[in-house]
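Each chain, letter by letter, is given below.
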Amino acid sequence: MLHLVLDLLGTFAFALNGALTATRVARLDIVGVLTLAMVTALGGGVLRDVLAGALPPATFSDWRYLAVAVAGGMVTFLLWRHLERYRTLITVFDAAGLSLFAVTGATTALEYHIGAPQAVLLGVVTGVGGGTLRDVLVLRLPTVLYADLYAIPALLGAGITVACERGGVYGVPAALGAAVACFTLRMIGDHYRLNAPGPHRADGTTGSDDSPSDAAP
Amino acid sequence: MLHLVLDLLGTFAFALNGALTATRVARLDIVGVLTLAMVTALGGGVLRDVLAGALPPATFSDWRYLAVAVAGGMVTFLLWRHLERYRTLITVFDAAGLSLFAVTGATTALEYHIGAPQAVLLGVVTGVGGGTLRDVLVLRLPTVLYADLYAIPALLGAGITVACERGGVYGVPAALGAAVACFTLRMIGDHYRLNAPGPHRADGTTGSDDSPSDAAP
Amino acid sequence: MLHLVLDLLGTFAFALNGALTATRVARLDIVGVLTLAMVTALGGGVLRDVLAGALPPATFSDWRYLAVAVAGGMVTFLLWRHLERYRTLITVFDAAGLSLFAVTGATTALEYHIGAPQAVLLGVVTGVGGGTLRDVLVLRLPTVLYADLYAIPALLGAGITVACERGGVYGVPAALGAAVACFTLRMIGDHYRLNAPGPHRADGTTGSDDSPSDAAP
Numbered sequence: 001m002l003h004l005v006l007d008l009l010g011t012f013a014f015a016l017n018g019a020l021t022a023t024r025v026a027r028l029d030i031v032g033v034l035t036l037a038m039v040t041a042l043g044g045g046v047l048r049d050v051l052a053g054a055l056p057p058a059t060f061s062d063w064r065y066l067a068v069a070v071a072g073g074m075v076t077f078l079l080w081r082h083l084e085r086y087r088t089l090i091t092v093f094d095a096a097g098l099s100l101f102a103v104t105g106a107t108t109a110l111e112y113h114i115g116a117p118q119a120v121l122l123g124v125v126t127g128v129g130g131g132t133l134r135d136v137l138v139l140r141l142p143t144v145l146y147a148d149l150y151a152i153p154a155l156l157g158a159g160i161t162v163a164c165e166r167g168g169v170y171g172v173p174a175a176l177g178a179a180v181a182c183f184t185l186r187m188i189g190d191h192y193r194l195n196a197p198g199p200h201r202a203d204g205t206t207g208s209d210d211s212p213s214d215a216a217p
Numbered sequence: 001m002l003h004l005v006l007d008l009l010g011t012f013a014f015a016l017n018g019a020l021t022a023t024r025v026a027r028l029d030i031v032g033v034l035t036l037a038m039v040t041a042l043g044g045g046v047l048r049d050v051l052a053g054a055l056p057p058a059t060f061s062d063w064r065y066l067a068v069a070v071a072g073g074m075v076t077f078l079l080w081r082h083l084e085r086y087r088t089l090i091t092v093f094d095a096a097g098l099s100l101f102a103v104t105g106a107t108t109a110l111e112y113h114i115g116a117p118q119a120v121l122l123g124v125v126t127g128v129g130g131g132t133l134r135d136v137l138v139l140r141l142p143t144v145l146y147a148d149l150y151a152i153p154a155l156l157g158a159g160i161t162v163a164c165e166r167g168g169v170y171g172v173p174a175a176l177g178a179a180v181a182c183f184t185l186r187m188i189g190d191h192y193r194l195n196a197p198g199p200h201r202a203d204g205t206t207g208s209d210d211s212p213s214d215a216a217p
Numbered sequence: 001m002l003h004l005v006l007d008l009l010g011t012f013a014f015a016l017n018g019a020l021t022a023t024r025v026a027r028l029d030i031v032g033v034l035t036l037a038m039v040t041a042l043g044g045g046v047l048r049d050v051l052a053g054a055l056p057p058a059t060f061s062d063w064r065y066l067a068v069a070v071a072g073g074m075v076t077f078l079l080w081r082h083l084e085r086y087r088t089l090i091t092v093f094d095a096a097g098l099s100l101f102a103v104t105g106a107t108t109a110l111e112y113h114i115g116a117p118q119a120v121l122l123g124v125v126t127g128v129g130g131g132t133l134r135d136v137l138v139l140r141l142p143t144v145l146y147a148d149l150y151a152i153p154a155l156l157g158a159g160i161t162v163a164c165e166r167g168g169v170y171g172v173p174a175a176l177g178a179a180v181a182c183f184t185l186r187m188i189g190d191h192y193r194l195n196a197p198g199p200h201r202a203d204g205t206t207g208s209d210d211s212p213s214d215a216a217p
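If you read the protein sequences in the order shown, they are chains A, B and C.
Here the first sequence stands for residues 1 to 217, numbered as in UniProt numbering.
Here the second sequence stands for residues 1 to 217, numbered as in UniProt numbering.
Here the third sequence stands for residues 1 to 217, numbered as in UniProt numbering.
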């Protein structure tokens, strides 16, 4: 139940984010907006379930995920001019989706008897996979590859989740703690424009203007 | 049997379409032409089977699909200069593939006990998935996201199929009716250059010159 | 055991190759480098396992693949300026990965009772799939579609493997022979800049400067 509620909240947050991305790609129509909402919201979970061998994917076989994703897409299609004003809100939603999916992705992997290191990776994939598919579909370099602290907060959230689960202390407090840790690190990274170290970078604080939440015109 | 024949016809139509796309991307060689033929022809069915949990994918485990896709690719590689003249024919083939796959995709989903809304979506994914993978591989914005009525006819065909199946009246006439409805709407949309409504559009009839069937030089 | 050793060697070779590609895309950070290392090294095997219905994917459920891929990525991240000097070495590593994966991909497919033609195709997919996903993620036209002899050596290696397996003479010598045949043809193609025939090409020897091993600045 906890798992389902967290998952549906993350799905809605990512559907808003994906649909807003679609409204920024000038040529897209309502099909494009709804497609990007669904891909962003369900893509990470589908990748996770394929990699965990949990088919058909839960995010697909359970109609509630689909309904929530379509609802997020429709809300954005109707209200996107208003939502654009709330850039910070969108960043917060995206960070919330990332955090919730990192936690639920890691726990799903453990349920399917995937080893601990791969379960952590699956948590990250669940968190960043939908946004990566979204970026590939609209021909953008996937944010996760270069910008901001994005995969690293997901790694933190999924790592705490797997550690608690293996330590026998997983439950509502641990799940929320892991999600809050991921969310906090993501928001700090966004606020201070922190980046992960790169091979061509002299320092780690060069700002990027291409983060998904700041790409508004 | 009906299912197989419709599926193989759709596979051949999409293989021609994918291979023709490849001949338009100047640098591609015969491997590229055959790869795009196979990806376009088999990609939608593979996505459908992964999402329905029907592995290994039928379009892959049955050699006839592969043979038909490769045959379509080879025919195009040898005759593409002649095929280019028949733009309308290619549009018709593409619409036929879309219609046949929307119907067979939805029925496959129902056979695997997928719920009705997701079965409709799987029909659409089967119809548009191969073309979307094709576009991503050659770095084009996927047609389905922005141009013409493309996903909506597939939605109509898959919707009629699922409704008939649930209403207990599915059979050859219903399958052909659903495919014809999809095909007709697609051809009307192509002829009048109808587009789905978009967030930045004043009206719904702005023409697009990027549809897969009209991208010829 | 033979299978595992060959597979891990191929994984390491492809991880180096993927990470080196990442260091050439200026904006990528350490997350991008490790992601491309993992995608290039594990992507082909994951595609093969999904298409063969062998879930969860072996390259994912066995932690050793992941460890080898991450190790290859970290080595490259730390030493990439030195590795750049050894262009030929990277070409050799890439050809080795291609050869090993073509052989292990085809044998995996046969173990899962996939038919012979599809097993050959799965060998090719295992060999070229990771590099194709890598190229799509960084918005490059996939090398396999246009450049050099790349898929054709993989087809040769996978074809020999399946023929030997079906002829009842598969074993260490046959596996090594198939890999060496693929490797040799790939290196000859690279050295003489051979290309597969293309629809727009007058001859088959036009050089390409976009092969993955020669894209260094």
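Please keep in mind that the hints were generated in silico from the structure rather than gathered at the bench.
Accuracy of the hints is not assured; some may be wrong.
Unchecked claim - For the chain C half of the interface with chain B, some residues (derived, Cβ under 10 Å), not all of them:
#1 Ser-61
#2 Ile-114
#3 Leu-121
#4 Val-144
#5 Leu-145
#6 Gly-168
#7 Val-169
#8 Gly-171
#9 Val-172
#10 Ile-188
Only a predicted model underlies this, so the values are computations on that prediction, with no experimental measurement involved.
Every residue gets a Cβ at the ideal spot worked out from N, C-alpha and C, and that includes glycine.
Hints violated by the structure (listed by number, smallest first): Violated hints: 1, 6, 7, 8, 9, 10; rest satisfied.
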